[in-house]
Amino acid sequence: MLRAFESEWIKMRRRRLWFGSYGAITGVVLLTTIVTIAGAIHRPDRQGDLTIAQLAHASGLSQGIAQSGVLLGAVSFSIAAAQFGGEFAHGTLRNLLVRQPRRTVMMGGKCLAVLTFLIGAVVVATIVSICAAFAMAHLRGVPTGAWTSGDGMAQLGIALGDLAISTCGFAIVGMILGVLLRSSVIAIAAGLALLLPIETILTDAIPGTVRWLPGQLLEAIAQGGSSGAPFGAALITVSAYLAGLVAITMLVFVRRDVTA
Amino acid sequence: MSAATLAAEQVALTIGQQADKTYAVVTRGLTKRFGKRLAVDGLDLAIPAGSISGFVGQNGAGKTTTIRMLLGLIRPTAGSGTVLGQALGHARAYLARVGALIEGPTFYPTLSGRENLVVLARLGGVENRKVDEVLERVGLGPRGLDPFRTYSLGMRQRLGIAAALLPDPELLVLDEPTNGLDPHGIAEIRAMLRSFADEGMTVFVSSHLLAEIQQVCEHLVVIDAGRLLFQGGVEELLAARAPELVVRTECGEDARRLLLLVRGTGRTVQIVGERAGTTLEIAADCSWAGDLNRLAMSEGITLVHLSERRSTLEEAFFEITGGCAKEGASREARVRKGLVDPALCAKDEVEQVAGP
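These protein sequence lines are chains A and B, in that order.
If you count the first sequence from 1, position 1 lands on 1 in the working numbering, and the numbers rise without skipping.
If you count the second sequence from 1, position 310 lands on 310 in the working numbering, and the numbers rise without skipping.
Keep in mind that the hints were calculated from the coordinates and are not lab data.
All of these numbers come straight from a predicted model, not from anything done at the bench.
All C-beta atoms, glycine included, are put in the ideal place defined by N, C-alpha and C.
The reader is advised that the hints may include incorrect statements.
Now the stretches of chain A that chain B is said to cover, found in silico as 3 or more residues with beta-carbon under 8 Å [claimed, not checked]:
(1) 9-15
(2) 85-94
(3) 98-105
(4) 251-260
With the hints as extra help, turn the sequences into a complete structure.
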């Protein structure tokens with residue numbers, strides 16, 4: 001599997017992919033951080049509004065990062081779907097399978113490479129957004145003393161971990177659709193339609209569905225849990241979904257004829 | 001896996017081990033069905049080790065499906081076989097010794113040629129120095145760092161062959177390696193194939209270019225509609241087709257007189273469409289040329305041309321595939337090429353196809 005991992009990383013080092021992916025992910029996290037801090041108000045008009053006082057807490061630094069879950073998920077999903085669906089669409093999969101006929105090993109190594117690539121992107125994006133958060137805090141007059149405390153660092157670490165888990169979850173869904181649909185374009189279109197508008201409509205229309213829809217659950221994980229889907233429950237449900245889907249995908253991939 | 005399949009694989013393995021040194025590829029009743037469509041129908045292959053074997057058939061004949069089954073990319077519906085002595089169902093046991101170019105070269109367009117090969121080398125556990133070696137071997141050394149998308153079709157084909165050479169293969173499977181190449185590129189690939197065979201590799205190459213196959217291959221497999229039509233030496237195939245004497249007279253009247261004279265000797269003869277009906281094809285080899293000349297002279301007929309013509313692989317291919325699937329295909333093909341005058345000699349043509 002290490003060979004498959006290394007092989008995939010040679011592709012992931014492409015300058016265009018690197019700048020495109022890392023740029024998009026950093027841009028998303030940066031944007032949500034700036035918008036979150038810029039939108040904080042001194043006195044809340046309604047319940048749920050983020051205040052300057054709340055931002056000054058130890059968890060203030062990670063507020064913006066946590067809000068980037070869905071957008072970051074959509075980017076990660078698309079990158080992963082493109083990496084896997086593209087192998088079928090370009091016909092490159094047959095070359096890979098001739099050199100590594102153990103399909104599960106090949107797929108496992110490839111999956112690991114894509115996930116490490118995305119986790120790296122999340123880390124880079126977080127570092128950039130931390131710098132932006134301090135700059136924005138200075139502009140908005142948010143005290144940052146608690147951010148650099150031990151508690152603040154712990155909160156940041158937890159937020160980063162939650163975001164990484166959520167990103168990996170979205171990416172695995174992308175990989176699954178890429179392999180099953182054998183086309184990056186169809187996989188991205190179908191996946192984004194399901195994870196964004198369809199799930200949002202279902203959540204608004206049917207109360208309680210947030211606990212069962214994968215996109216909503218992954219978003220809840222990125223935020224460290226939500227009122228509709230607590231972190232632990234969301235993590236267990238998503239893990240069960242992904243384990244089942246990965247098993248089915250592997251089975252299909254191992255048994256299916258490669259005609260592309 | 002059923003007991004019958006296991007037993008068949010065991011038998012195949014035994015055959016394969018025994019035939020390992022003789023045949024690089026052996027299949028028994030290899031069959032692939034896609035839904036209702038039978039793509040490969042009970043194929044029995046025996047590819048001699050160390051040979052350059054040609055694999056020919058019309059579009060959709062089942063060549064690529066067969067190649068994909070040999071490479072473990074497609075599961076056979078039925079049948080068994082061995083590749084390099086290992087059972088067909090266990091591709092991982094032999095693929096490290098097999099190089100392949102399947103249905104044209106496909107690589108990552110934004111990676112350089114070298115990076116594309118490194119991706120495959122790393123995956124297959126091949127050292128990086130081998131990448132530079134194969135790039136040099138196929139003449140891509142100086143362009144190895146350019147993006148694949150900037151390569152010409154010829155360079156792409158050569159990169160595909162370089163990828164196939166990465167594992168130092170004992171068996172090289174090339175699917176249409178000359179597709180879309182100009183004559184210069186085709187000649188280069190031909191020279192390469194010969195050099196691979198000289199090094200002891202078994203080369204199994206599919207192509208539509210029958211003239212190329214005839215020039216480079218010593219062994220041939222012909223399939224049509226998924227079924228094996230011929231398997232054996234190229235010379236064996238061509239020798240089975242009787243040579244012809246091609247004769248040209250000064251005028252059409254002489255040609256018709258000579259036709260009757262030759263028929264009188266019991267030989268098959270026909271006037272063909274070239275040069276206003278003055279050309280005859282006679283089922284005889286050059287040993288009868290003297291007798292023919294004397295026969296013509298005795299009747300005051302002057303021969304302006306007399307030569308022996310042996311069948312080309314293309315003609316043999318048309319005869320084989322036409323005879324099996326489409327009754328009149330051979331005749332039509334030859335008429336289309338102007339080799340046969342259908343009005344004058346339809347009956348003789350059928351006789352000639354059937355053979356004496």
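A quick look at each hint next to the structure:
Only residues whose C-beta sits within less than 8 Å of a C-beta in chain B count toward coverage, and the segment 9-15 of chain A has 3 of them, enough to reach three; the restraint holds. A count of 4 residues in the segment 85-94 of chain A with a Cβ less than 8 Å from any Cβ of chain B is obtained; the coverage claim is therefore met, three being the minimum. Counting residues of the segment 98-105 of chain A whose beta-carbon sits less than 8 Å from any beta-carbon of chain B gives 5, enough to reach three: the coverage restraint holds. Residue count for the segment 251-260 of chain A with a Cβ under 8 Å from a Cβ of chain B: 4. That meets the three needed, and the coverage hint holds.
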